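Going down the list, the sequences are from chains D, V and R.
For what it's worth, the working numbering labels the leading residue of the first sequence as 4, then goes sequentially.
For what it's worth, the working numbering labels the leading residue of the second sequence as 410, then goes sequentially.
For what it's worth, the working numbering labels the leading residue of the third sequence as 2, then goes sequentially.
Please keep in mind that the hints were generated in silico from the structure rather than gathered at the bench.
Quick caveat, the model's predicted, so the values are computed rather than measured.
Take a look, some chain R residues computed to stay more than 10 Å from chain D by CB distance: (1) A6; (2) N10; (3) Y110; (4) T111; (5) D112; (6) R113; (7) E117; (8) E118; (9) V122; (10) Q127; (11) E134.
Incomplete in silico selection of chain D near chain R, CB under 10 Å: (12) N144; (13) Y160; (14) K178; (15) G199; (16) T201; (17) S203; (18) M204; (19) D205; (20) W313.
We treat Cβ as the ideally placed atom computed from N, Cα and C, and that holds for glycine.
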Amino acid sequence: MPTSLDMLFRMTPEILLIVGAVWIIVGNAFAPQRAGWWVMALATVAMAGWALAQQGMPVVPAPSTGGESVHVGSADADSVVVAGLAIHDELAQAIRWFAIVLAFLLVVMASRAGAESLFGEQLGSILLILAGIMIAASATNLVLLFLGLELVSIPTYILLFLGRANRQSLEATAKYFLLSILASAVMLYGFSFLYGSTGSMDLSRISANVREPASPLGAGGIWTMGMVLVLLGLSFKLGSFPAHFYAPDVYEGTTSVNAALLAVAPKVAGIVALVRLFLMNSMEVHPFLWHMFLLLALATMTIGNVCALWQNNIRRLLAYSSIAHAGYMLIGLAVALAMWKTSTGLQGASATLFYLVVYAIAVLGTFAGLAYLASARDEIQDVEQLAGMGRSYPVVAGALGLLMFSLSGIPPLAGFWGKLGLFASAVEAAGVSAAGVRSPWFLVLVVGGALNAAIAAAYYLRIVRTLFFRSGTQQLAPEGGSGARNVAVFAALLTLAVGILPGPLLVATRNATCGLNRDRAPLMVTAAPVSSGHQDSIVTRP
Amino acid sequence: MDSAGLPIFLFALIALAVPVGMIGLGALIGPHRATAVKRMPYESGMDPIHDARRRFDVRFHLMAIAFLVFDVELLFLYPWAVASRHPEGIDRILQVSQGLGERGWVLGGVLVFLALVAAGLVYEWRRGVLRWR
Amino acid sequence: MSDTAILQNHLFVGAVLFALGLIGFLVRRNVIVMFLCVELMLQGVALSLVSWSRYHGDWGGQMLVIFIITVAACEAALGLALVWIMAQRGGSLDIAIWQTLRERDQAPYTDREVPEEDRSVEDWPQLTPAGVEPVHPREEDMYRSHV
Chain D
4 MPTSLDMLFR MTPEILLIVG AVWIIVGNAF APQRAGWWVM ALATVAMAGW
54 ALAQQGMPVV PAPSTGGESV HVGSADADSV VVAGLAIHDE LAQAIRWFAI
104 VLAFLLVVMA SRAGAESLFG EQLGSILLIL AGIMIAASAT NLVLLFLGLE
154 LVSIPTYILL FLGRANRQSL EATAKYFLLS ILASAVMLYG FSFLYGSTGS
204 MDLSRISANV REPASPLGAG GIWTMGMVLV LLGLSFKLGS FPAHFYAPDV
254 YEGTTSVNAA LLAVAPKVAG IVALVRLFLM NSMEVHPFLW HMFLLLALAT
304 MTIGNVCALW QNNIRRLLAY SSIAHAGYML IGLAVALAMW KTSTGLQGAS
354 ATLFYLVVYA IAVLGTFAGL AYLASARDEI QDVEQLAGMG RSYPVVAGAL
404 GLLMFSLSGI PPLAGFWGKL GLFASAVEAA GVSAAGVRSP WFLVLVVGGA
454 LNAAIAAAYY LRIVRTLFFR SGTQQLAPEG GSGARNVAVF AALLTLAVGI
504 LPGPLLVATR NATCGLNRDR APLMVTAAPV SSGHQDSIVT RP
Chain V
410 MDSAGLPIFL FALIALAVPV GMIGLGALIG PHRATAVKRM PYESGMDPIH
460 DARRRFDVRF HLMAIAFLVF DVELLFLYPW AVASRHPEGI DRILQVSQGL
510 GERGWVLGGV LVFLALVAAG LVYEWRRGVL RWR
Chain R
2 MSDTAILQNH LFVGAVLFAL GLIGFLVRRN VIVMFLCVEL MLQGVALSLV
52 SWSRYHGDWG GQMLVIFIIT VAACEAALGL ALVWIMAQRG GSLDIAIWQT
102 LRERDQAPYT DREVPEEDRS VEDWPQLTPA GVEPVHPREE DMYRSHV
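Excised from the complex, chain D in its bound form:
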């Protein structure tokens, strides 16, 4: 299997997205026109999707065939660095498909965003961000993971720049920019400790080293410190507890399209990075990690929901609700970390992914609805501004109402299945005390989660009430473009469909995580003898 060409083939979707983005950005400087570049961006996304479809699903075989050798490219000492940077397992492919869907929705939604002369930059940045998510999803190497995460953040700064030209927008940009580079510096310091404790940038080697430390540095304090710092840095991307405070200010200041992107893209990238870093760096050695996740989940949901309850500004409210949803997702990861050996852990991880998908679609639709209702000058700020929308704009208001129900987890909708999956995995984890895990903590987690869901229902239902049962005091002039409206309606329909038929998505997320659990043996890369030159590398799973 030729390494460099094979890797190029596997990375075609990302390459297509990046080339398309560069073409659009440069081309727009020559011929600024909205419709043409918009179609071009859609075509780029479609081409990337087609290229992804060419690859088929996972390269790594199913778990039932464990024990034999799998070819993953060349593996003498240096070329592993090149060939082994990316892995396209079930998780990576699933997230890449999801990123294509997100890219499509975001491009449609942004059909009228920003100034005409800078529209190309807007579209190009969106495409680059989605390429970054795809790269982060398939990285097995700290370098590539870092690059993927930065490819998510740097275009985000540009998009925030390109928002409205007012003081609030600039303030939001400055806050996000300064805190984001601080968070990446902290995360990188964590990377340096992970690297230092194991002497390799490769995630599989790091985890192998932690399980059977080759050097005294292997699983000691240096590794622990690295993990804590990485979690701190990633919690900014997730918008979870220790670094959640930027979200309300930034969402309030920027445009709805940007807020949708901020609520979705860094979260997807952050969750995938957490899964890669923490679940692959197996847990049996260090119980402190799931303790940490559990506490963070509790703190994050509580802070998010309680603060959202007092908000009158809908953008701040949605920001706090997105913090709370990050907390729910951490529940699943805490379960997964605590009981990785058992099927419960797998259930936790897949429930997290399911929740991520459902949350992302719903929040995209919500912000798309707000973007549609906004006038050309101002975004919608107060909840009161939505009053009477149920009568004036029944389609968008209906979509918004449906999405609010889904976000709060009312039964016939997708959000319900997401919360059910997470809480079920936590309940199951509380029941399995025989595994040596202190179960009461998970009961606390479930009770806390249920209480939070009740609190959350209050403020989501308040929005629904304002939409339908209050008479409007002022007329809004929706100027967000039909693209935003279509995305809102599409997201609502998707939420309804998944709510009625959750089966396919449940199976898909289940399949996406099963690749992680492959009998928990690390990918051991055995070096082929150098003299045999042309031999492929062999990766064995004992």
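Use these hints to put chains V and R onto chain D, whose structure you have.
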């Protein structure tokens, strides 16, 4: 003269001829209209004699940003140059990947990189960053 | 000096750089200085990565450092543009002037309250007699009008 010294000699010759030729041609066929500004010791368009704390033109700011990015892009050419001829570097990868042992791939890779950087330059030019307004 | 001792020294310097940057980011209010402090943190990270790389005899760390420098340059380009616009719009590099976005019932942060003027006492200005130094108003020392 042995064959090993010849390339070095030729190189030195060209290295000498190019600047001498350029300066000489400029002196011969270039127009000469000396003004007070042109006769100053050159310092990037700034008056060279002034207080060190003087503010300088904000238009340099854009140049600084452009320079910063392109300067760092150069950083990637060093590892490429080292690895492209190193027996343990790109050569090894080409060997391992059967049927692709063409050196052209090595050059092609870096050309793609340079094309991306050049796209950035085209963008800047088109957006008027390089114009001194 | 042994390998471990060299590693320890380098890591120590890296940690000091990182900590200085972090402290600077938290306590300084000039936007440019805050940005430079993050760069200082990144340099600390780069130093420790390179020293680990040397200790382990592995190229990965240096590879990451090259990418860190590149990404830092991109961020610097964006950051300088941002600082420029902020200085243009706000008229100051002080980060504390940017607090429009905050919770509704939260009071804005102020450096130090300017003492309330006592309106009850009619305090007419008096001309100083010629040749006497006027009294320096103390309140002006308390209020910080620039950073």
